[in-house]
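4 protein chains.
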Amino acid sequence: MITSITQIRARYAETDQMGIVYHGNYFTWFEIARIQLLDELNISYKKLEKQNYLIPVLEANAQFKKPTYFDDLITVKTSIKTPPSVKFRVDYEILRNNELCTTGYTLHTFINKKGIPIRPPKEFIEKINAFFKKK
Amino acid sequence: MITSITQIRARYAETDQMGIVYHGNYFTWFEIARIQLLDELNISYKKLEKQNYLIPVLEANAQFKKPTYFDDLITVKTSIKTPPSVKFRVDYEILRNNELCTTGYTLHTFINKKGIPIRPPKEFIEKINAFFKKK
Amino acid sequence: MITSITQIRARYAETDQMGIVYHGNYFTWFEIARIQLLDELNISYKKLEKQNYLIPVLEANAQFKKPTYFDDLITVKTSIKTPPSVKFRVDYEILRNNELCTTGYTLHTFINKKGIPIRPPKEFIEKINAFFKKK
Amino acid sequence: MITSITQIRARYAETDQMGIVYHGNYFTWFEIARIQLLDELNISYKKLEKQNYLIPVLEANAQFKKPTYFDDLITVKTSIKTPPSVKFRVDYEILRNNELCTTGYTLHTFINKKGIPIRPPKEFIEKINAFFKKK
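Residue numbers (the numbering used here), protein chains in the order written: chain A, 1 to 135; chain B, 136 to 270; chain C, 271 to 405; chain D, 406 to 540.
Extracted from the complex, chain A is given alone in its bound form (with noise of 0.2 Å):
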């Protein structure tokens, strides 16, 4: 498993008038989480899309347990559990003061900028594989 820890500041613009943070925004803090799994790994999302690999979204979940608020300092927990194949999944965990308050997940794959399903680059599956066989 690979696993990563994300501290993220929750910012006024990402409350709604319910008072907490808007649930759409989740989807934001687990795309920060996901890139920095990935800086860890020495991947840079960025030149990854220079060399024309994208890495789309297929599904996203998220489970909203309580909710966070303004200022809150958010702890994001994130995973790769599985080795990746053609897909692959990210896990959430979001937490305020060591407590649970959303749980979830991405799926994603590789396409080039026209959109056609490509593999994902050496470089990319010999960094995650590498986490696997250490385990």
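It should be emphasised that the hints constitute simulated quantities derived from the structure, not laboratory data.
Here the structure is a predicted model, which means the values were calculated and not measured.
The beta carbon of each residue, even a glycine, is placed where N, CA and C say it ideally should be.
You may find that some hints are simply not true.
Stated by the list, open to error - Simulated crosslink set (PhoX-like; lysine-lysine; CA at most 20 Å straight-line):
#1 Lys-519/D x Lys-336/C
#2 Lys-336/C x Lys-351/C
#3 Lys-532/D x Lys-452/D
#4 Lys-383/C x Lys-113/A
As the list claims (entries may be wrong) - Covered stretches of chain D, going by a simulated chain A footprint (3 or more residues, C-beta under 8 Å):
#5 416 to 426
#6 434 to 445
Take the given structure of chain A and dock chains B, C and D to it, following the hints.
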């Protein structure tokens, strides 16, 4: 089954650098469609909130099959397929030119402004149930 | 003067915990109105971008006089008051029930996809100028 | 002059199809920086709101000189240049690699939750004024 059709024009601000509508924004489209479905049942979400009823999202899910683009005229087909109990679920289909691009659902419950789960207002239950009885 | 009227329904997602539409979202409303003004001149912003013309925002300004709320039916009065030269300016008035809530403007220029300033396409100049000559 | 430095990583969700950070999102960055400036003066915006003080935006302005991109490490230099009276103004400079990309300002006042203009809390005035006297 209760159904509703909503038309949305994809905004420039809703795109990302992949050149498509950012995945997180579909949950806002779902919400617009959900609120319109309630409007068509003569249930004003704005009024519900003023009467101390909040309808938070417990779960949100979207499956992205095809991208949508800036300026696309989007159709959202919204439906409530089963009579609400403590929770209720709303289903969504996002289409462009009759082509299904995204499907999704959200799960909801009623709480008051203190966050305490409460029964939906009588009026809400009656209007929704009336619809299911009709059929 | 070229003018246009756009109607927008304030979205729940656009509110913040102050219970009003978040100030940053007015710039998205300005954009929707600006694109509609161009549409009414038979200038498709989408097509312009495909032809390698981008119209970035050089400056954006808004003066917030009265708040707007979720579900409000917003009217945006958009106008181009002077013939465009290298730059062009668009002015906006945001009204709710004929009450002026926000005024603002944006300043624009034309660049190509490499970021190089370029002349606007002939068609754009002709359509805009035709309008100013008419008057 | 009161000054503060804030670091922000540009999010993927903040880009648009022009491949740059969407202009409307700079106002969210201004807000993050403004709240941090207050934090550094030991003024919690969150606490102010709980004490029934709101600080809405009366005016917002941004001049976009150079674009910023996904994953850029952004520096926001924030300053209050004149002692607040009924209104107060905050100025911003957005830099990437020491290059000035955007400048802007926001103008604010204090209201209570009913929307009535009120004096800022004593603590706020004292902390701000103390700073200007020091100099």
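Structure-based check of all given hints:
no. : hint                  : result
1   : Lys-519/D x Lys-336/C : 13 Å, holds
2   : Lys-336/C x Lys-351/C : 24 Å, violated
3   : Lys-532/D x Lys-452/D : 15 Å, holds
4   : Lys-383/C x Lys-113/A : 16 Å, holds
5   : 416 to 426            : holds (count 3)
6   : 434 to 445            : holds (count 3)
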